[in-house]
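Trainee: The residues making up each chain are set out below.
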Amino acid sequence: MSDAEQPTDDGVSGDDEFEPIQVFPEAEEMDLRPGADNCYKCSTCDTNCPVAEVDDEFPGPKFQGPEQWRLKRQDDQDVDDSVMKCSNCMRCDSACPSDVPLSQMHNTARGEYVEEQMEKLSREYIRNRILANYRRLAPLGSMFPRTTNFVMGLSATQWLGEKVLGITGERDFPEFATETFREWWTKRGGNATSKKRAQKARAKRGDAQVRSDEKRIAYFHGCYANYNTPEVAKALVRVYEHFGYEIMVPDQHCSGTPMFANGMLEDARRSAETNVRELRAAIADGADVVASCSSCSMSLRQEYPELFDFEGTEDVAENTWDAVEYLRVHEDLEGELEDTSVGDEFDDFAYHAPCHARNQGLDGQTTDVLAAIDGVDAHDVGDSCSGISGTYGWKAENYETSMKIGAEMFDHMEESEAKTGLTECPTCSMQMEHGTGYEITHTLEVLEAALVGDATEATAQ
Amino acid sequence: MAIEDDVLVIGGGIAGATAALAAAERDVQVRIVSYKQSTLRNASGLIDVLGYTPAGDGPLADPFEALAALPEGHPYERVGSEAVREALAFFDEIAGDAYQGSHTDANALVPTHGGTVKPTARYPTSTAAGLASDDRDALLVGFETLPDFEAPLAASHLEATGAPFAARGVTVRFPGIVRDDAKITRYAHLLDHDEAVETADETRAGEPTAREALAETVRSHLADEARVGFPAILGDDRADAVRADLADRLGVDVFEVPMGPPSLPGMRLEDLLYEALEAAGVRVTTGVPVVEYETDDAEASATGPERIDRVIVDRNGAEIPHRADQYVLATGGLVGKGVRSERERVFEPIFDCHVPHAADRYDWFVDDVFGDQPYARFGLPVDRDLRPLDAVDDPEFSNLRAAGAVLGGYDFAAEKSGSGVSLATGYVAGRRAAEGCR
Ligand SMILES: Cc1cc2nc3c(=O)[nH]c(=O)nc-3n(C[C@H](O)[C@H](O)[C@H](O)COP(=O)(O)OP(=O)(O)OC[C@H]3O[C@@H](n4cnc5c(N)ncnc54)[C@H](O)[C@@H]3O)c2cc1C
Ligand code: SF4
Ligand code: SF4
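As you go down the protein sequences, you meet chains A and B in turn.
Under my numbering, the very last position in the first sequence is 504; numbers go up by exactly one each time.
Under my numbering, the very last position in the second sequence is 524; numbers go up by exactly one each time.
Source of the hints: derived by calculation from the structure; they are not laboratory data.
It is possible that some hints are incorrect.
Reference listing, derived: stretches of chain A covered by chain B, where coverage requires no fewer than 3 residues with Cβ under 8 Å from a Cβ of chain B [what the hints assert, rightly or not]:
id: 1; segment: 353-363
id: 2; segment: 371-381
In silico EDC-like links for lysine to aspartate or glutamate, alpha-carbon gap of 16 Å or less [to be verified]:
id: 3; chain 1: A; residue 1: Lys447; chain 2: B; residue 2: Glu281
id: 4; chain 1: A; residue 1: Lys447; chain 2: B; residue 2: Asp280
id: 5; chain 1: A; residue 1: Lys84; chain 2: B; residue 2: Asp267
id: 6; chain 1: A; residue 1: Lys84; chain 2: B; residue 2: Asp280
In silico contact screen, one side only, chain B against chain A (beta carbon under 7 Å); selected entries [as the list claims (entries may be wrong)]:
id: 7; residue: Val114
id: 8; residue: Gln115
id: 9; residue: Lys122
id: 10; residue: Ala181
id: 11; residue: Lys269
Even for Gly, the Cβ is constructed at its ideal location relative to N, Cα and C.
Please work from the sequences and hints to get the whole structure.
Mentor: Spelled out as structure tokens, the structure:
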């Protein structure tokens, strides 16, 4: 499909349709008026906004999107500072029955607000920049993981974070792994080892084309699975190799999600440029891109094409998949899971579908797939937002709102019989743990246990 | 590979949800794929079957009497009045205590936010104490920050309609809400969680909770009315508890007056249906559209209609095939975007099913905005099995049925038949789809 044929939001092409993708870098100059004109003020978006539900002072997505856009274009008004209270959960986006590109408007307005109205030496700006650029700090932290974990855990550090930077002291900083995923991957022999393992698996499975290069994926692990939860990334590797896929791990930057949410569009642009370049090369090499974090895949698939137009942006969007979804479509995943079991380690799960998975039509997937495994039941804990939304719930001024939004999910988790939580989003997982004290797992880890065997056996691989 | 099920329903509004539930009664695997949120979020939550005839006569006391006289091609004529009854009974079972009206064929008369009285077949229990046929006097309470419900005006309109009771309206401040455009979900959340609120009353020690403060505010206005009506913002997840608590504190019955869009009773109905879907084991995929289909050439006989093999779901450019044995199209009308119009044509975007309309777009509407608008009836013509028909009245596909607002031949706004048609056709389409599975 050429770019010219790119379908509109609902895939229906038509003469009257509006195409929101315009040329960067002048995000502020993007002409979103036709999109704003599509709004017929039904307020469906407002009834979906988790922030407006608990915070009287937030004017809601309809105001942030089409109304603010119209006001601004008419009399050169400044962007309203309430746009910083939006958590970028993108629920409004998938709610609007009239194809108004709400999150694109919010991202653009936030970028403009930060660029033009925010004091660059202010505590808020510095704090937001630090939070948004987590990936730049993470390598430092993971160089001395034990020291960092110790220092971050000190109450004095937390107090400093709160007082000096406005990072809430209520939360525990995520721990750094003693070995990053990429370190593990290199030690294991990188792509070459993966190729061998994949071929062996194909031979064992009796796949006809043992030497074919067709089964190849490029893994976008994102920051969190690399620095904090390499076990999720390793699970992906083992599950994919089990199906005979050869895995590549291209160079990559942060997906940009925290940067969009903080209006740091220039930072996001730099990261996106690297990601698009590297992933596009992998695609040219015959790989499809898969991601294990739903916000990363959302970013590559939706936000990049909405905000950037590097060579290959569309190509990357069209060839990026959620890790479980990819297996469902390309393999008989459920068939393979039939009659497997996972031992005592896992039992039932309280599952929360992240907003960014919901927006991609992946909300029911995990419960569908896990139902095939003997003795495992994943109970959906309802459609509420977890409330943390990436960096949002880390800010001292949002902490309370974040916990109010999450309250419904905490209640439902506690009502459910399961005592282990399950989700595909690293920050949702922090919030679930923070609000209930439950241990939280990733779907890929359950698949690994079912398909590849127990953890000790897997570690040996 | 494709994602496989027996019955695939496209669209998750009241028509799609009902079709999926009806299909799931049989031993088949059912999935819904729905793109954006349905019109349920805007609908009043009332289940109207037929309030007025297509000729404009009414309000009708008994919708069933009028069903027999509907013109050929009307969705009710297609499925037959027995199916309408069955569908309502099916709905009653799903809704349980949440809905009332099943005790009689006659339409109930529910006061609306404009002070008119609407004939409807089923109504949420939250509105039950407010029925216009009830002769107890009523106090209507509106809020300064919620301009869509002018209680004094609604009360005087109600009296003017000849309601058999005295109605009085007052406008008060909603404790805890400052913003004049706070979202209705904000009101509901305050009451659901009974959050502490600030009130103007300086003499009180500590902060009262939202329910306490609201009851307090209203009590001083209550004369000897036996019931109090509020706009429909009394809670979302815990609406029953909120209403009971307020009634308890006020010592009178409490009811909700259905509001215009967006509407909490509509959202509660949506929740109720989606809970039923989960309990029935229906798989639900939302946020992504179905964009295309592929036929099964090997199976199509030379003369018979084509058979749909799979449909394609678009996920930001990646194409995800979904295959089923039978398909139900419940994508809504012009509002839900199941039927679309461009300058030159009106069309159904997924399967390009035939949508009859005048060639000249100036014939699509009449100048009188309140006139009988042809565009209001745009939609698919179907046979009695609800299979869409092409221009020469042959089924478009052997395994596709259509239900709800995507159907043509009726004007839901004028007839007050929206949810009823979606329910009846959804029920029949779902049941037949399950029966058609190999
Ligand atoms: C403002 C308003 C007020 C109303 N008030 C009342 C009332 O008081 N009483 C009453 O009885 N009726 C009322 N109605 C009418 C009634 O709500 C509708 O007739 C009925 O809900 C239609 O239901 P549906 O399921 O057929 O379609 P919709 O509710 O329109 O649902 C269609 C669904 O299909 C999805 N969809 C569309 N295209 C695709 C695609 N390509 N792929 C996947 N999914 C797709 C849409 O996103 C949507 O979720 C009202 C309607 C409106 C708009
Ligand atoms: S992205 Fe989420 S928080 Fe922001 S306006 Fe939309 S719904 Fe509200
Ligand atoms: S949902 Fe869409 S059309 Fe409705 S008010 Fe929001 S932006 Fe406007």
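Trainee: Holds or violated: the hint that B:Lys269 contacts chain A, with Cβ atoms closer than 7 Å.
Mentor: For B:Lys269, the interface hint holds, since the closest Cβ of chain A sits about 5 Å away, which is under 7 Å.
Trainee: Would you check the hint for A:Lys84 and B:Asp267, treating anything up to 16 Å between C-alpha atoms as holding?
Mentor: 13 Å, holds
Trainee: Using the nearest Cβ pair, does B:Ala181 come within less than 7 Å of chain A?
Mentor: Cβ of B:Ala181 sits 20 Å from chain A, so the hint is violated.
Trainee: If you draw a straight line from the CA of A:Lys447 to the CA of B:Glu281, is it 16 Å or shorter?
Mentor: The hint holds at about 11 Å.
Trainee: Using Cβ atoms only, decide whether B:Val114 comes closer than 7 Å to chain A, and label the hint accordingly.
Mentor: 15 Å, violated
Trainee: Between A:Lys84 and B:Asp280, is the straight-line Cα distance small enough, at 16 Å or below?
Mentor: 29 Å, violated
Trainee: Hint B:Lys122 vs chain A: min CB-CB distance below 7 Å?
Mentor: 5 Å, holds
Trainee: For the segment 353-363 of chain A, count the residues whose Cβ lies under 8 Å from any Cβ of chain B; is that count three or more?
Mentor: holds (count 5)
Trainee: Starting from A:Lys447, check that the Cα of B:Asp280 is at most 16 Å away, please.
Mentor: 13 Å, holds
Trainee: So is the segment 371-381 of chain A in contact with chain B by the C-beta rule, three or more residues under 8 Å, or is the coverage claim wrong?
Mentor: n = 5 at 8 Å, threshold three: holds.
Trainee: Do the numbers back the hint for B:Gln115, that is, is its least Cβ distance to chain A under 7 Å?
Mentor: B:Gln115 check fails; min Cβ-Cβ to chain A is 10 Å, beyond 7 Å.
In terms of the numbered hints stated before, the structure departs from hints 6, 7, 8 and 10, listed from lowest to highest.
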